[in-house]
Amino acid sequence: MTKTALTLVGLMVLLLGSGVWIGAGLIGSGAGILAIFRPQMPFLKLLAQQAWNVLSSPELLALPLFILMAEVLFRTDIAKSLFTGLSPWLRRVPGRLCHINVLGCTLFASVCGSSAATTVTVGRITAGELLKRGYDRKLVIGSLAGAGTLGFLIPPSTIMIIYGVMAEESILRLFIAGILPGLLLAGAYMGYIGVRALMEPDHVGTAPASTTLREKMAALVGLGPLILLILFVIGSMYGGIASPTEAAAAGVLGSIVIGVAQRKLDLQGLILAARQAAENCAMIGLIIIGAMFLSTAIGYLGLPRHIAQVIEGWGLTPLMLIAVLLVFYILLGMVMEGMAIIVMTLPITLPLAQAAGYDKIWFGIFIVIVVEMAQISPPVGFNLTVIQRLTGESIGSVTRATMPFFLIMAAFVLLIAVFPGIVSIVPDLMRN
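Read in order, the letters of the sequence shown are residues 18 to 449 in the numbering used here.
No wet-lab data here; the hints were simulated from the structure.
Note that CB positions come from ideal geometry on N, CA and C, so glycine has one too.
There's no promise every hint is true.
[Said to hold, decoys possible] Pairs of lysine-lysine, DSSO-like flavour, derived with a Cα cap of 30 Å:
id	residue 1	residue 2
1	Lys281	Lys233
2	Lys233	Lys155
3	Lys149	Lys233
4	Lys62	Lys155
5	Lys149	Lys97
6	Lys97	Lys281
7	Lys20	Lys149
[What the hints assert, rightly or not] Label pairs and their computed distance ranges (CB to CB):
id	residue 1	residue 2	range
8	Leu201	Gly145	43 to 53 Å
9	Glu232	Glu296	55 to 65 Å
10	Phe249	Ile442	23 to 33 Å
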């Protein structure tokens, strides 16, 4: 079995290291391992069956719709509305306008589902404005990088949809489970910003102009369309009115209405948004097909069971296992993209977590957070590249600025491992 594992690793390193598409690399690895150790297996028939099963999954239908909604919202004035609507309320808060990065990303994540889209949409307005007002560059960059990852944790989340399909778990329950951890993590970011501001007041730039309560309320009017869209999409799912797919379809319609009302979206812009969404969906679809095919292939060879038995033989406690998995995923995040990490490792790590007493919902939130960490892990972290383009800083500078928020996420993972009820309390309450 060790020979099988080493052969699989060698094939994956060869194919993925050669620069081929991740999905194609996963399919090639699965086909190669079967050709070597199970030559009688009709892998083309198996691949076709897996492709049909994945692409015909009703749960996966919500994915392209949420991606399209994010693409449409990216072409609106939502980011500008977030800045102008939140600024007057943060005048007396320690850290002042730096909190806009966290609050803006939290709100936008509630209708987006993508970490990169959240970072770009919010950062293209806030980064320049905060730096122009004299805020510390490291604090601005770090808070944007950390908060941008909330696009994966706060529902709706594209990563949660992929995990739900692969783990055969309720996507709606995953969405519900992400609410409290997402808000707590956002609160931890804001707490760190506040403490830094109190310790180093010179790192905080100029305060917004003083405003009356009436002016503050008027500023919130610009956030009205976004708030209504959040209530429309999230509320319909949690209220049992719509399934995730139906809520996503309604969200697309709502985002188009917002874009047209703001005169920022025309027919050409809608076509471009649809084209970009189609490209992203095709890429994700190929990755999922490749992952499911590889998962089935290694399952036939008994590799996940063998690895699980080896790790169980180490005699790790549940908390020690989670610590090992955390380090494992951090190392993978340094060289691989987050979605690829999930689809490649889930067939092995999910049974380990279940054997340790963690359910699939909890492990889904755990793996989403570690994928968020991968988004800001050098040298591959996608959010680091996004922020580099927004600010003109080097990857090294962006990485150093992001490190405190990376450590906050690592500590938060250990927190939910010690207190798993943080993840389960909201889904359990809504089920009862």
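So, against the hints stated earlier in the document, which numbers end up violated here?
4, 7, 8 and 9
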